[in-house]
Each structure stands twice: as C-alpha cells, then as structure tokens.
Amino acid sequence: MTLPPPSSPSPIEGEGIFRFDKARFDVCRYLCYLTAIAAACAVGNAARLAQADEPQLKPIAAGTPAPAFIKDVRPLLAKYCFECHQGEKAKGGLALDAFRDERAALGRQPVWEKVLDQLDTGMMPPDGKPQPTDDERALVMRWIESRVLKIDCSKADPGRVTIRRLNKAEYNNTIRDLLGVDVKPADDFPSDDVGYGFDHIGDVLSMPPVLLERYLTAAERIVDAAILTPDPERAPVRTGKGKNLGSVGDADFEMDFPRTGDYALRVRAFADQAGPEPARMSLRLDGLDLQTVDVTAADGVSATYEIVLNVPVGKHRFAARFLNDYYKPDDPDPKNRDRNLHVERLEIQGPIGLLPDQLPASHTRLITCRPLPEADPADCARAVLRPFATRAFRRPATDDEVERLTRLVASAMREGDSFERGVQVAVEAVLVSPHFLFRIELDPEPLNPQAIRTINDFELATRLSYFLWSSLPDDELLGLAQAGTLRQEGHLAAQVRRMLQDPKSGALVDNFAVQWLHLGNLKTVSPDRKQFPGFDAALRGAMENETRMFFAAIIREDRSLFELLDSDFTFLNERLAKHYGIAGVQGDEFRRVTLATPERGGLLGQASILTVTSNPTRTSPVKRGKWILENLLNASPPPPPPNVPELKDASDKQLEGTLRQRMEQHRENPACAVCHTQMDAIGFGLENYDPIGAWRSKEGNLDIDASGTLPGGASFKSPAELKTILKAREPEFRRCVAEKLLTYALGRGLEYYDKCTVDTIVKNVAGNQDRFSALVLEIVNSDAFQKRRGKRGDEL
Amino acid sequence: MDRRTALRGLGTAIALPLLDSMVPRAALAAGAGEAARTPLRMAFLYVPNGIHMQDWTPAEEGENYVLPSTLEPLAAFKNDMCVLTGLTQKKAFANGDGGGDHARALASFLTGTQARKTSGADIRAGVSADQVAATEIGRYTRFPSLELGCEAGQQSGNCDSGYSCAYSSNISWKGESTPMAKEVNPKSAFDRLFTNGRPGESAEGRAKRERYNQSVLDFVRDDARALRDKLGVTDQRKLDEYLTAVRELETRIAKAAQTSADEAVAGFARPAGIPKDYDAHIRLMEDLMVLAFQGDVTRISTMVIANEGSNRSYPFIEVPEGHHDLSHHGNDAKKHEKIKKINRFHVTQFGHLLERLKGIKEGEGTLLDNCMIVYGSGIGDGNRHNHDDLPILLAGRGAGTIKPGRHIKYASGTPLNNLFLSMLDRLGVRRESLGDSTGRVAGLDG
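Chains as they are written, first to last, in the numbering used here: chain Y, 50 to 845; chain L, 267 to 712.
There could be a bad hint or two in this list.
[Said to hold, decoys possible] Derived DEER-like restraints, expressed as beta-carbon distance ranges:
no. : chain 1 : residue 1 : chain 2 : residue 2 : range
1   : Y       : Gly583    : L       : Ala599    : 25 to 35 Å
2   : Y       : Gln550    : L       : Ala535    : 43 to 53 Å
3   : Y       : Asn813    : L       : Glu584    : 35 to 45 Å
4   : Y       : Gln550    : L       : Arg464    : 33 to 43 Å
5   : L       : Glu327    : Y       : Gly324    : 54 to 64 Å
6   : L       : Ala535    : Y       : Val286    : 34 to 44 Å
Everything labelled a hint here was simulated from the structure, so no lab data went into it. Yeah, the Cβ is synthetic: ideal placement off N, Cα and C, and Gly gets one too.
Chain Y on its own, in the form it takes in the complex:
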C-alpha cells in the first residue's frame, strides 16, 4: 500500500478548504517548500523533465563558477546549521563543523547527498530557526552538486552490494531447481520487508530467529519430499480426521496403499470415562476387527494405539470403532454420567523398511551412488555431496565442506540409520548454511573502497540467474563458469537470450513487474461491494492475469518498452472482455486480442493498474497521477510537508459536482494548488475509468471531463491523448524503466555514482529500438553488474 500524501484525500472528499494557520506555519518557509514541490512534480517543468538525460542533477548554468567551500559555503553552514549540527552532541549524529575543508567533504558523499535532499525539500533548517535566503540555499546546493557529487565517468564506481539473503520467491525457486521438488516451503515464511520498491534488497533482508527456525523446518520437509529412505521411522505418514464418538460408531479413513508391505495403523484417542469399565475401541480394516483395546487415556490428553500389519496394495478403509457407550444422566456424580470416545486422528505409516520400486526423479538425480554393504560409505557420500553442494552454493564446494558434510552422513549411519537418511541430514545442513541462504561475493579487500574488482564467473552466473530467473544457475551456466568462458565473446549475450526465452524468466513478471507496477496490491484491494457488486475473485484474478501475460509477451517477444505505454494487443478472457465492453471473447481461457480502439492498449488501460490506484469507493486521480509520475516518469513528487494544515470544520460550503469538480473547487486554495494541480492533472486524464477500471462517460448524472493541461502547456481531451503525451516523454520513461530494472538486478538502491551507468544504459537501449532484451543486456554488461568494490567507511 502506498500512502498518498496525507493532504490528498481531504481535498478530494472534504467539505472544507485548507486553513492556512499562521501560528503553525512559517509562511516563508512553507512557500520555499512549495517551490521545491513545484520543481519536482511539474511534469514538463523545464527544470527537471526537459533535462531528461540528466534528471539526477539539476543543470548548472554554464559559466557559473562553483562556489568555494571556505569562502562561500562554510560561513553559511556556520550561520544556519552549526547551532544544532556541531561537535559531539550534534543532532542526528551529523557534525557539519567537522568538515574543515572541501577535501574532507569529498570523501563523504552520502552525507552530503542527504544534506542536499534536506535543503532541496526545505526540511532544513527546521521551523522556528533562522532561514537562509533562496540564493543562499541555492548556493550551498550548487556546491554540493558541482563539487561533492561530481562524478568522473571514466573512473566509474560500481558500488557494492550487501550479501543478499534469498527472499521467499528466490528460496522457493531455488529449492525447486536444486532438488526437483516444488513444495514451496517459503509460502509460510514471514514476509520479506520492502526497500526501494522491492523485497529482495540485501540491506533490508534481515535474519530474525524465527526465520532460521523456518529454514530448519523447511529443510526437514524438503529432504523428506526429495529423498526417500528405508528407515522405518521415516516411512511416510498419512493422517485421517478424528471424530468425537458420543455413541457406538466409527471414525474412519480410506487410503490407497501404494504397495504391498508393512504398515503401522494408529489411532490417537482419549475417552471421557464413566461407568464400570474403561472405554473400548476396535481397530478395524475393511470392517474386520484387527484388535480391541481399552482406551484409558482421559482428560483431554490422547494416547496412541497402534497395530502393525502387512497390507496388500490398493484401497482400504481403516477405522476406530467405539464399542461400549454408557449414558446415565441421573448418576449423582456428574463425572460418571457419560462415556465418550474422542478420536483425535487416525494415522497410517508405511510401507515400513522398504524403498519403493519407483524412486522419484528428485531421489535418483541426487543419490547417484549407494555404498555396498561392506564398503566405506564416505566415498559414495563424497560423490553425492560434492556436486550437490557445488550447485547449492553456486560455486565449487571446498574439500573441507565436502568432508564435513560426509561426516554428517557417517554419524547418522553410526546411529543405525541408512545411507539415504545420512544424505538427508547433510542436505539439510547445506540448506541451512549461510553459503546457501546468502548470495555471497567475497572480496579480497572488503574494507578498501579503491579495490574495484570484476566479479568472478560463478558470481556473474549467480547474479544473472537470480536477475532473470530468481533462482540458481542451471548446469549450462555453471558449466560455462567452471570452464571460465562465460565472458567469452558472445557467450553472455547468448545466455541472456536463452534465459529470457526459458519459462523460468516468468520470475521477471512474478517478482519484477508485479512489484514495480504494485500489482501485488490487487490481492488486498477491496472495492466497495455495494457500488461494485461485479467485482469478484474471478474478475480480480482476470485483471492480474491480463497484466502478467501482457508483460510476459513484452519479454518473450522482445518488444519495445514503449509498448508498455501503448500497444495494439492485450490478453483477455470473457469475463474481462465483458468488463471492458469488448465483444467476441468467449470462455474462461485467456487469449491474445488485437485492440481496434485505443482505450485498452498499454498498462494505463488495464483494469489491474486502474484498480490498485483507486480508493474502495471512488477513483483517486491523486493516486493515479502519483503512480504514473513515480513508476513511469521517474519524477516522484516529494513527500508531503510535515504538519499538514488542518481542514476547517464542515460548516463551510458543501462542495458539489463530480469528483473532479469537487477537487477543482478545493484547489482554489493556493496552498493545495501548487502541487496538486500538477500531480492531479494526469490522474484526471484517466477519469473515464471507474475505480475498477470499467469505462464510463458519466459519474452519476454528470459527464466525465477527462481533459487537462499539463504544466508546460501540453493538453489532452481523453485518456488516449494523455497516453500520446506520455509516450512522447521518451527519455524520462526509458530512464525510469532502466532505473527500476537496474535496482532490481542489483538488489540495492541506486546512488549518485550510478548516474554514469544509467546514462550508458539508456543511450544504448535507445539505439536498439528499446527492446526489452537490449535493456537487460545493457544492465548485464554494466560496471555495476559486472564489478564491485570494498566498503567505504561512511557507508553504513
């Protein structure tokens, strides 16, 4: 859920206007703030978006000399900042007085980036403190930009990625591809926290104890599913539901016995004891009494009653029968009135002591060797575990690792367990090891920021496979890494193309697209049932499916990124086609549909996006506008100011009309208008789509007005025309997609020094018809992806 600016919902529905409270607001300071907003959220504003190739840094007028630190900048810091940011007790731990000369500042870019941000948004100096003039503020900002954050692209900084724990999706995929069992153990793991819009950022992924517990239990589950063992106690168990038996009767469970063999048949039960004898229970198979037992367990605590039996293959019914009901309601002792049998559950375990004739592929792929009875099992253990650990750790397993794993097998066998059980334990250890759970890139000099190195082929193969597949490298990638030929001429590009064509690249849709576009929120939106009775699970699912299939088509067919904004095709089933008013699509199956009119082409015509950017009871032009700015145009509006002024009581004139008219009345207040005129304009262009993305020409009795003028003068009359305007903003859109995908590929937030990387990427992508594969290749070939460096002291 993205929070809209706190002020946004009020102006839309509110019945008052903003009260400008002088007591709480320093007018001058607030206007500064609004100026900053205007600069940032003005689509088409010359200051930002016309300079699309350089949106990271504001343009510096040619010929203006950079301010000098000692002479120009430091005195201003002393005047406005030192009061709080000085010495050992400096607020926020930021002592600006420590920067005695420019050189001191040059080594601390992240600090100055934050200072720049604070100045830019007017957050600092805070309310109630002396404020710099606009010129003074601009001067300090110019110094930071031109001197401290100056970047020399010939000495590009590749940055550094913190070791990354596998997130839930990566864990599931990795287990699937490593062991060949699709048990999705991570579905029950706690959510991974999100940073920079994605849930796989190394710095954000922590390892609380609950998660390690889950890894251990998951590992037990996984080895059970992947490897079969002949040990009696490890034989598979199936359970049937229990039943409270208040009178003579059965709790039963029918099961298809996979083969003839010994099975343990068990009942977990307790009884309410009453009358002269204990409760009696008959264990039965196919109606035959196998054994009758006294159930002495009582007081809510069950005991286990078991019989072991050779059962032929096929369906059989196992039952527990209550034999001796007793009911005497007038007994003076209330505890002695009613005898009942409580069957908690039935269990069937087996076949015991046998490996099945048909071993699953997951088993045979891993257990490639079984020790002969008199041979040393260590040789086989090594033969099994070395290749396994190598694939799991995504680099050659070391001799030491293989030996330690082999010892785990040996110690299980010393306990009397089978070789297979021993391998299970060793595999568990691999699956809980930090070498598996984290993606590790070891640096020879982890603390030297000058030590830039090209990552090795195994690390590159791993980055590639987690980028495109959210999973580990397959044998082909690992083979190239092993041979050291992954970077040979043409190999990398060929691998990227192969990987994008592989069905596993669906991970880019599942993880990149779903998060980038906020599609995940579709699962939790709840449009008002009264207004939208037609919004049900089927429609919700169809909406998501359309966007997923559309995005997948862009990847597989290697289309231009700009088709995301506008395209002549989409994917529909009957339900969604009806929702869109498109005729001729029948049945639940999705199929490709060519669009004759412009309403539905591209992401902005898709109900999924239009729904996740709406409120439950109405559209939200603010959210839609903000979504487009943030996710398509790389122009996030700044966060709303602190202490948003309160609205007046509802005694003011009642606002009337369509949502749009009400909003416009609201923005008669200049305090709101400065930012919202610009942010909302885009959203108005989509007012023809209702809160669940259906087309509408009226809201109530009033006509929808989907026209608008963007700052800078471009105007539109319909969603289609808005789309045309957005498409024309090529550099912003291209850069936006590139930054999102680069963030996703690296698993870290982008920093000022990534500007050179992004510049190169967008330039080359533009020269390749903006094809999706071109963007991926450019990212893969970039320094940020291919290299890393040691940590800087000021990076936390």
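We have chain Y already, so just place chain L on it with the hints.
Leaving out everything else, chain L in the frame of chain Y:
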C-alpha cells in the same frame, strides 16, 4: 450423550481444557528464583491510523470514570484495566525528517527512537521494549518472545514518504537494524509454538532427529563463523544476526525436550490457515497468544492488528472506505462516525483477548491478573498525525503491582517510554533508561 460435550475439543472453536499442570512444569525450568512465582507476562497490541479521541478519552479521572462509547465493548473489564492519557511518543514526530508519520509512529512506538529515514540502505530504529525484556527473561521460556500480526507486510512500492516498509509493518526490533518479522498465519504460528514432532514419530525418533538438528546447527555455525571473518562490516552484521538466531534455536531445541507439545495443545484444533473474516483472524491470533502465555511457552508478545497506514476497508461493519483515507477525516462528521466504528471494532477484538485471559484460572486469580497488556496507537488523531496524547490502555494487574479500574491522566508530553520502563521494572528487568524515557510513570500501583 450430551451433545454440548461433543462439540468440545474438535472443530473450529478453541476450547481450552484447563491445564494447570503446564505452569508448574515450565516454571520449574525457569530456575530457582523464578520457580516460586507465577510468571508475569507482557504484551503490546497495536492499531494504526490513530483513534477518534473524543469518544475514547474519559471525562473523569480516577476510579469513577464513565467509559466513553468507543471503550464500551470493554465494560466487562473496566476493573481490569487502566485508561492512560497524556502519554507521548516524541520520536514519532518529524523532528526535521519531513513526511512519514505512519512509518515513524510504529517504528518508534516501542523503541522511543527516531527511525532513520531511508528506503533501505541503512535501516535503523532502536531496540523495542518487548525485546529488551525478551533478552533478559526470554531464557526462561521456549520462545523468548512471540511476534504476531494480522496483516502481512506490503510487498511492493514505497510504504510511507521515503521510509522502508520495514518501519510501518514491524513493531518489535531485536536490534537497531533487525526488525522481528511477525507471524501472520495462525497455522504457521501454531506449528511453530506447539508442533515439535512429526506425525507418527516415536520419542526416540524425535530425540534422534533433534540430535541431527543439533549437528546441522553445529555445521552451519562453523560456516557462519569462518565466513564472518572474511566479510565487510555490513555483511558481518547479517552474519551476526544469523549467529544469534543459531544460538536461540539451539536453546529452543534443548528446551523442547523438556516439554511435551501434545500436552500443551490437548483439545486445541490446529488452525487451518488465515480465517476469511478479519475478526476471526484477530481472535485466533489472540487465542494463540493466550495459549502461549498459559503454557508459559513465552512471556512476551506483540501483535500488530493492522500495519501502520493500513488502508484496509471494513465493509462488514458498513465501512467500505479505506481506513487510512478515512483517518484524514477533515473533521467530516460522517467520517468520524466511520472511524469510530473501526475503533470500536478493534476494541471489541481486544475484549476477546481480555475475556480469554480472564477466563483462565492461575493460582489464586486469573491469567489476566498476571499480565500487563498494552493496547494503543502511535498516532492520536489520524487527521493531525499527532503523536502526543496517545490512546493507551493497560490491562491486567501485573501480578499485583498494578491497580486497575482507573483513568490515569499524565502530564502532557510524558514519554510513553516512561510507562514501558515502569513495566520492565515489574518484570524484574532493570534499566536506567529506554529510548527517550525521562523516568518512570508514577501511580500504576494506585
């Protein structure tokens, strides 16, 4: 047979047969000093987006106060709780950091520290009050603490004005940069707390499996230690988190051998998953907390009823709008009514927890008597995003150290952390200060 009896034990409802035997056994494990006493428990329940304070704050101080309408669902527990007003979480204010009151409200609620404004690179809040306690008294129980929630963290986008989603979905922080992920699925929480054995596993089989688990942990600890030495600082922090987790897991495995899971959950239906209805979900999570307290599986718990800034809608109580959108009510009376409905709904669910706790006998009194349960929000009024005069309830007698049944008014601006410090005292966890605390709150014991 008596049909009512037949409903007991199985089915959807959780019927708790009284298992007095569980407490002494666990308490014995707690060590000499702890064994004699019944343990004191502490929990924090959080609701987002503030409260309609006009119908929350009692007009009168002291014992003879009238429950305002929002608190009416708690009428049966009026003498089991205190309404605390005037408390403030100063660190939730912008203090120069700009927008993001929702993220800060939750991140500071139990920490009393200013959350660092970042999308991810260097997340930092502080150690939360529950974790301060868990670090010290967690060793007496199988789980040092239990983190529950009823809403999963957001899976994409930005959560609040440049703050990582870690801040607005986590209340409990083990370390400055280690939020304690919360359990949202009651089935997973139940399995984690109470299911040690595999179906059909014998006692020897289980003991052997736990020996193997121990070998696995030995193996991975060696890996982690060797690896740690080769890494840079940030990466080392990740490995430190890992090593701490290994250590806690070992303790837990050792403790698991002392308790029988079957006994602890007799008559308790294993939850099937997340219930479809929100109220059923909240209640089920509360039931699990009660069960964990009752069996002394843990003594410390938190529960985030909805993430801070949650825009969940409540159509089942005629509130189809999103909670966050509504909370910016602009003093619209219609919106106030709807916010009150949501407040009342949450409070009603809290009543369920109190009812359960009160229904369980423990020693001379009830389980609730041996609890300190805080219910509240880190935002006062949702429209203003203020973090002073917070809505806070404190239920339970704190094992005889708290005199409930009162409305206690603190001087405006009293740090919320002063209350937490006073609660830690009662747990025997002595701290000079906690976050931004300036001292302790007076008068809890009457």
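A quick look at each hint next to the structure:
no. : hint                            : result
1   : Y:Gly583 - L:Ala599: 25 to 35 Å : holds (31 Å)
2   : Y:Gln550 - L:Ala535: 43 to 53 Å : holds (48 Å)
3   : Y:Asn813 - L:Glu584: 35 to 45 Å : violated (56 Å)
4   : Y:Gln550 - L:Arg464: 33 to 43 Å : holds (42 Å)
5   : L:Glu327 - Y:Gly324: 54 to 64 Å : holds (60 Å)
6   : L:Ala535 - Y:Val286: 34 to 44 Å : violated (19 Å)
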